[in-house]
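Asker: Residues per chain are reported as follows:
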Amino acid sequence: MSNTVRGTAQAERGAPGDRALAAWEIVSVTASALIAEWVVLALAGRSRLVMLVPVVSAFTLIFLSQRIRRERARDLGWRLDNFFEAVRLLALPMLAATLFCILLGWLYGGLNLRLWRGGWSYLIVPTLGVAWGLMQQFVLQAFINRRAQIIWGRGRLSVFVVALVFGLLHLPNPGLSVATFAGGLLWATVYQRAPNLLALSLSHALMTWVLISTIPPPLLNNLRVGFKYFG
Amino acid sequence: MRDDSTRSRPTAAANVRTNSSDFAAASSAHASANAPTVEARTRLAHLLIAKSIVEALLVSAFAVAFYYLAFNPHFRGSVDEASAQRVSGWVTDESRPAEHIEVQLYINGKFAASRLADEARPDIRTAGRAADERHGFTFLFPTREAGEHEARVYAVHASGGGARRTLQLVGRPLRFTVGAGAQESNDR
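Going down the list, the sequences are from chains H and G. Residues 54 to 284 (the working numbering) make up the first sequence, in order. Residues 91 to 278 (the working numbering) make up the second sequence, in order.
Derived by calculation from the structure, the hints in this document are not laboratory data. Glycine included, C-beta positions come from ideal geometry on N, C-alpha and C. A hint or two may mislead.
A few chain H positions that, by computed beta-carbon distances, are all more than 10 Å from chain G [stated by the list, open to error]: (1) G70; (2) W77; (3) M147; (4) L181.
Just some of the chain H residues that point at chain G, by a computed CB distance under 7 Å [as the list claims (entries may be wrong)]: (5) Q119; (6) R122; (7) L145.
Working from the sequences, and respecting the hints, build out all of it.
Answerer: Listed below in structure tokens is the structure:
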């Protein structure tokens with residue numbers, strides 16, 4: 054039985070050359086994000102358009118890689134048939150995390166559910182939150198998670214690597230790195246069981262809102278990451 | 091016959107479990123079926139190399155541009171004299187020869203004084219180092235403490251719209267001695 058399981062996991066992994074290529078792809082996209090956070094945002098000043106270089110190069114790689122590997126939109130998570138299955142898997146851990154955040158907010162006096170400014174913000178803020186979450190989850194799950202599965206197969210190791218990359222991209226903000234590592238573990242696990250990007254982006258937006266509404270801003274340093282964290 | 095089919099119908103919970111593993115299995119089965127060919131892998135490797143080159147160039151350009159903006163490479167100058175009475179010299183910015191540079195004096199690594207290098211130094215203009223002669227500086231009585239000291243003069247360069255101010259050593263550090271007598275005369 055255990056041999057069969059091991060055999061299946063082995064079959065899910067790519068060939069050695071393909072595994073090396075997948076590792077390179079993960080490193081390359083992670084490097085683009087780090088360059089954007091640590092170099093461009095810190096040094097570009099008013100020339101923010103330069104930010105397009107790492108962003109465009111990363112997305113070009115992602116799209117072309119998915120095309121070269123003939124990955125279908127459905128496999129990537131652009132689908133609705135498993136939406137409720139993904140929501141079901143997400144619900145309990147999200148509820149636990151929300152209660153934990155509320156408890157922390159209550160203890161440290163950070164509870165503030167009136168961050169909305171009224172008017173259009175009721176529509177614009179959630180829309181932007183979901184769009185931002187969708188972009189991050191697309192890169193993290195539909196690319197990094199799938200490449201990690203080529204290297205290590207489905208399971209704890211690939212989930213751990215996805216979460217580690219997600220946490221790493223939020224350094225040097227310690228609170229946010231821990232939160233995103235935990236979130237990364239949950240979202241990567243759910244994606245491997247029910248790949249649905251819409252459910253994950255909704256979860257991402259909701260948990261971000263919970264985080265900023267409960268945890269005192271100094272603990273998260275206003276969600277600043279990269280070089281901007283220092284000031 | 092109908093009873094059999096009713097019995098084999100999965101419960102809701104089992105159905106969810108089956109769906110969950112089906113989603114994953116279908117996805118991974120497709121992934122393994124679509125393992126890239128050698129040609130596709132080569133194309134992907136070329137793409138990765140191109141991306142790495144573009145980003146390496148971007149980071150290098152940022153490093154050079156930042157260094158160029160933060161640390162002015164056009165400063166020229168010298169500390170001609172360092173003694174108990176004065177520390178003097180000159181400094182210019184060759185990219186903006188009409189501009190007078192702010193200089194800071196450090197004695198033994200500690201800030202001592204600051205001023206604008208705008209004293210007359212005709213020799214600087216004669217040597218073609220600046221558009222006018224007002225690029226000299228003199229700090230009088232840099233220290234009153236007896237003993238051996240080191241004087242360093244730094245040119246100040248502002249960048250980032252005034253957000254950054256960096257110091258650049260002018261010439262070489264010079265050593266000088268202040269005698270006990272000089273200290274007494276300074277005290278008087």
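Asker: Honestly, which of those hints from before does the structure not fit?
Answerer: 1, 2, 5, 7
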